[in-house]
Amino acid sequence: MLSAKKIIKCLDDHWPVLETLASRSALGSFSFQDVQALIQRYSPGASSEQVFREAQRLLQQEVLIPLAKSSQLELNRAVLEFIQFLIQEHQLGTVGDIQSRIEDLDRLRGKLKAAADAKDVSEMRRFIRLMDERVREVVKHFRKNESAILHLVEQAKADESKLSLAKRYSAVMEAFDEYIEPVLQMIDINGPFQHSIAALELLLSDLIIHIEQTGFLQGEKEPLVQLRTRLLEMNQLGRESLIRSTDVLMPLREELRKNTLLSRNASALLALLRKKGLEPTLEQLVPKFSSDHQKFSLGSANQITSYMAELVDYQDELYQMPQQVDQAAHHNIRVPELADVLKFARTQQANTDLSLWLAKSYPQLPVDEMLFLYQELSRAPSLKLQHLEQLTELEVNGYRLTLHPFAPTAQSGN
Amino acid sequence: MQIELEQLSQLADIYKKLSTGFHISEQDFALWQELDNNEEAYSALFTALGNQLKRDSRGFFHFEVDDATVNMGKISRLFALTTYALVEFFADKGQDPLRALFDEEISHEILASILQQQYHLFEQLEVYSATDLKREVMNRMLRYGFAKAQGEQFKLLSPIYRYLDALMAVDQLTEETNTEQTNTEGQADV
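So the protein sequences, as listed, match chains R and U. Each step along the first sequence adds one to the number in the numbering used here, with nothing skipped, and position 375 is 375. For the numbering used here, add 1000 to where a residue sits in the second sequence, where the first one is 1.
With the rest of the complex left out, here is chain U (with noise of 0.2 Å):
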């Protein structure tokens, strides 16, 4: 295929973008709507530089990684780990997660809350305070593309779908489990 890089006007801001690990979203108005124009000449041109450029139907894009590094290993945990709090958070206060999930704004009060409730697990990814929290995870959130910021306050943005299907799969896992054991019993009354 024949890739015009002339026409391609955004590609040193895109390529830029996605290779720092940045996710774009409709919010990122002018290179969502370039990437939406030339998807094909885009993922043509990233594939052969050895990225595989992949579209969300959900309104993102963002190369995918097959091995992440050590260190975007811990980041990732620290942005599973928020997501999931902020779910059982919305869901406690009787509101529905998925769509306070991306319509509340995430304010120091919400982050101080979650981090009490899930103490134990933010401990052991070295975060200690509402201060870290926002620090080391909606900070980071903001550089990769997941949530933008709203003052002093934090709005999450459609790429956080990443993490949501990968709490789908862990309906999946407990499927398996519940499967297997009424295997084995199945078993055992034999």
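Here chain R stands alone, though its shape is the one from the complex (with noise of 0.2 Å):
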């Protein structure tokens, strides 16, 4: 008895030997020894007690099975079919696998049919279910035959043994005899495949514009759309599948493709690359070249680390300062209080103009600062100041101002 836990434990302390063994697996049988050397294998450090408690524990678990009237093993089909699906190592089906599901579908239609004629809600969800489930079907042999034609193109590419080409390309060329050409036939355009899915799809539509019309049954409408569309992208996903096998296996049977050690090299790699992914394989590969410009950017955790080892060694540079240069002193100029002035100018009582009085007051002050005291001084209520007509030039720490001066009104200077 399988159980389900315990299984995929299984895989889990055991994935490599496993692997190992699914791969072995198209060579026949292998023994109980055969299993703990594997084991040994990949856990050097385990004693060969502990190798032969894991061994029978993957009998136990029904992962091994022993063959009938044998003490040869192998291994359980469900479990090899699982690791072969995650290792995409399929084995290619056959034609009859999709044609059965082909015909079941034609079965079903006519059940359909009858089931929406009588109304009977409950079949007709039934035979939806069941549809769909044929449908999905199709489409997993169209992806599982795809992967195994592109695995047994792969080991013809890369296989090393001086064979003849017929020998070498035997099991392409049956793939191609045996799968591709009856399929092609089957999806042809006026094949059974066609017809099939073509009455299907009339058949769905039609129950799709019955509800949408009556409004009856209305929550089958959404299932039925569903089957609709998946039953049409089979359709597609088949040709494409199709289309790209075809392309792969066509360079072997026209015996186009030239055998060279590097095609041979660059085909086992691509094969790898493909089942394990890119990272690992490459990454030990693949040429390195770098750009100073980069090496000395602080990207990645080895750049930090080159930068560290480079502080190690660090030494500072006596920096001279540049000599003062002498300036002239600078002249501490005190900006005088608003409010003060505006006082000084009160008690001091200037009759002259206003622009002239604090030109003489303040000689040391910059022109804004004067200006802006002018300004203020010009609006204070408390000094009564009348605009003249004349003008008034005067130098301000070398800027020469004319302005319109104001001067105290007739009334205030008395």
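Possibly wrong hints are sitting among the right ones.
Unchecked claim - Here are the simulated lysine to aspartate or glutamate pairs, EDC-like style, with alpha carbons at most 16 Å apart: (1) 384/R x 353/R; (2) 288/R x 1152/U; (3) 1148/U x 1096/U; (4) 1074/U x 1103/U; (5) 258/R x 393/R; (6) 1074/U x 201/R; (7) 1134/U x 1152/U; (8) 258/R x 1034/U; (9) 360/R x 393/R; (10) 1093/U x 123/R; (11) 113/R x 254/R; (12) 276/R x 1123/U; (13) 113/R x 247/R; (14) 276/R x 393/R; (15) 221/R x 132/R; (16) 144/R x 240/R; (17) 1017/U x 1006/U; (18) 1074/U x 1056/U; (19) 1074/U x 132/R; (20) 288/R x 1056/U; (21) 1074/U x 1136/U; (22) 1134/U x 1109/U; (23) 288/R x 1034/U; (24) 1093/U x 1105/U; (25) 113/R x 97/R; (26) 1093/U x 1104/U; (27) 275/R x 1123/U; (28) 1155/U x 1103/U; (29) 1093/U x 283/R.
Said to hold, decoys possible - Ranges of calculated distance between the beta carbons of each label pair, as one might list FRET restraints: (30) 1143/U x 284/R: 39 to 49 Å; (31) 1150/U x 223/R: 54 to 64 Å; (32) 29/R x 1150/U: 55 to 65 Å.
Hints listed in this document are in silico derivations from the structure and should not be mistaken for laboratory results. All residues carry an ideal CB built from backbone N, CA and C; glycine is no exception.
Starting from two chains that each stand alone, build the complex the way the hints lay out.
So this is what it looks like as structure tokens:
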């Protein structure tokens, strides 16, 4: 009895062993000692007793099954298929697999129609679910077979043995004659596949339109639409998968392919990449080159490490500060407070015009400060000032100002 | 060894190219000839500067680096994948892959074909179209001296041998696992 959790634990514990056994499954059965040797190889530290126990465990879990009337073992079929699914090493199925599903779809179509005519909702649901299942199975087969063909082709291309072309490619030829050709015939535009699909699509569309028009069985519309979509998708997917399979098989079938050491290696490597992923394999292989610019920009951990390593040898350079250049002593200008100036101006009872008085009283003041004071004073209500008609010119800190000055009005002067 | 800097007339140019990861092949005639004539002096100078000048007998110079930066790793993976996909492509067309690799001009159609054939691999490196492939891979190959432009098309140059050498190492890898397997099988029999 297979126990799901235990099987998964087993797969996890002994993945490399099981993967190797799966890849050898085509070669036939193996012995209990083979399994022990494999376990020993992948966990070198284990004692022989542990190894025996682990091998025994695989047997108890029924991951390994003894052959009839023999001490030889084989992988449990379900486990093997799961492993093959995981490592994408499928075995090529037969046309019959797909054909039988399509025939079943035909049969179910009749039943669905009958159920729809009788307005039997529960039966309709059941048939829709069954058809959905069949369509999914067909899609699965297309995918599986494409991957299987890729695998065949890769093996044939990377085969090292000095066999004749015919022998080297025998599996490929077989795949072509026994899978590709019949499937091509089947999905041909006048073939049975297309007839079934077209009839089924018609039925589904009619049902959907019927539901839309009458509003009856509204709840069944969604699964019908889903089924129709999946059906069309299956058709598309089957064609594409077949085209791709033919593309990879063609060069071999036509004996076009040039087999050199280089091309054999390229095939082997690309197959490896397809199954194991890019990163781990290419990482060790690719030539390394880099630029200084990147060497000195801190992007990765090892860049930071090397940066730190360089810090160890760091020596500071003495830096000579430049000589101070003598400058003329800065005049410490005290900008007078506005209130003080106002008070001062009032007590002085300045009679002359305001600008002249300011220039005389604060000769050191910068021009902008001076103008600010001038503006503020001219607005101050406590000084009664009036604008004069004639222009006054005065020089303040090298700037020549021309303005209509403010002067005290006649009353305030008195 | 005494290095006469005045005699190394193309020093600045050569250093700038090599240090950005460029591969100087016979294609860059002036620089290649300069390096070819004064290899020892350049090599000594670059070693003192912390770079290892490497000359390949198939006609190119480059700096040897131990640790590639993360980013360059991705670029190098792209170069590798493209090169191997091209080998596969030419072999399938019945051409000798090695000769075709350097003789054929790589056109947009060829790029589109190899992308279609190895889509699931290119996808993992975020290359989704022939235009991506041209921009991400071929244009960069130009920048690092692995290819030259021939109008709208590309021609691969001798530094590509670095990737072909790596491909030959695969053979050793698989052979190792094979012998390992036969070894264990031998043990099993015992």
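A quick look at each hint next to the structure:
1. For a cut-off of 16 Å, the pair hint linking residue 384/R to residue 353/R stands: about 12 Å separates their Cα positions.
2. Proposed proximity of residue 288/R and residue 1152/U is contradicted: the alpha carbons are some 28 Å apart, above 16 Å.
3. At roughly 21 Å between alpha-carbon atoms, residue 1148/U and residue 1096/U are farther apart than 16 Å, so this suggested pair is violated.
4. Our distance criterion of 16 Å between C-alpha atoms is broken by residue 1074/U and residue 1103/U, whose separation comes to about 27 Å.
5. Between residue 258/R and residue 393/R the CA atoms are separated by roughly 102 Å; this puts the pair beyond 16 Å, and the hint is violated.
6. Among the hinted pairs, residue 1074/U with residue 201/R is inconsistent with the structure: their alpha-carbon atoms are about 47 Å apart, more than 16 Å.
7. With a CA separation close to 10 Å, the supplied pair residue 1134/U and residue 1152/U stays within the 16 Å bound.
8. Restraint check for residue 258/R and residue 1034/U: the C-alpha separation of about 39 Å exceeds 16 Å, so the hint is violated.
9. Pair hint residue 360/R plus residue 393/R holds up; C-alpha atoms about 14 Å apart against a cutoff of 16 Å.
10. With a C-alpha separation of about 54 Å, the suggested pair residue 1093/U and residue 123/R falls outside the 16 Å cut-off, and the hint is violated.
11. Distance check on the hinted pair: residue 113/R and residue 254/R sit about 47 Å apart at the alpha-carbon level, beyond 16 Å; violated.
12. At roughly 15 Å between alpha-carbon atoms, residue 276/R and residue 1123/U fall within 16 Å of each other, so this suggested pair holds.
13. Note on residue 113/R and residue 247/R: the hinted pairing is violated, with a Cα-Cα distance of about 40 Å set against a maximum of 16 Å.
14. For the given pair, residue 276/R sits about 93 Å from residue 393/R by alpha-carbon distance, which is inconsistent with the 16 Å threshold.
15. Straight-line distance between C-alpha atoms of residue 221/R and residue 132/R comes to about 14 Å, which keeps the hinted pair within the 16 Å bound.
16. At most 16 Å may separate the alpha-carbon atoms for a hinted pair to count; residue 144/R and residue 240/R meet this at roughly 13 Å.
17. Distance check on the hinted pair: residue 1017/U and residue 1006/U sit about 19 Å apart at the alpha-carbon level, beyond 16 Å; violated.
18. Proximity of residue 1074/U to residue 1056/U is assessed by CA-CA distance (about 23 Å); at most 16 Å being required, the pair is judged violated.
19. A C-alpha spacing of about 42 Å is found between residue 1074/U and residue 132/R, which places the hinted pair above 16 Å, so the restraint is violated.
20. For the given pair, residue 288/R sits about 15 Å from residue 1056/U by alpha-carbon distance, which is consistent with the 16 Å threshold.
21. Annotation: proposed proximity of residue 1074/U to residue 1136/U holds, straight-line Cα distance about 11 Å (limit 16 Å).
22. Annotation: proposed proximity of residue 1134/U to residue 1109/U holds, straight-line Cα distance about 11 Å (limit 16 Å).
23. At most 16 Å may separate the alpha-carbon atoms for a hinted pair to count; residue 288/R and residue 1034/U exceed this at roughly 25 Å.
24. A hinted pair counts as satisfied when its Cα atoms are at most 16 Å apart, and residue 1093/U with residue 1105/U qualifies at roughly 15 Å.
25. As the CA atoms of residue 113/R and residue 97/R are separated by approximately 25 Å, the hinted pair breaks the 16 Å bound.
26. Taking the CA atoms of residue 1093/U and residue 1104/U, the gap is about 12 Å. The hint holds against a cut of 16 Å.
27. Restraint check: the Cα-Cα separation between residue 275/R and residue 1123/U comes to about 14 Å, which is no more than 16 Å; the hinted pair holds.
28. Straight-line distance between C-alpha atoms of residue 1155/U and residue 1103/U comes to about 7 Å, which keeps the hinted pair within the 16 Å bound.
29. Between residue 1093/U and residue 283/R the CA atoms are separated by roughly 29 Å; this puts the pair beyond 16 Å, and the hint is violated.
30. Residue 1143/U and residue 284/R have their C-beta atoms about 25 Å apart, which leaves the hinted 39 to 49 Å range violated.
31. Judged by the Cβ atoms, the range 54 to 64 Å given for residue 1150/U and residue 223/R holds: they are separated by roughly 57 Å.
32. The hinted window of 55 to 65 Å between residue 29/R and residue 1150/U holds, with their beta carbons roughly 57 Å apart.
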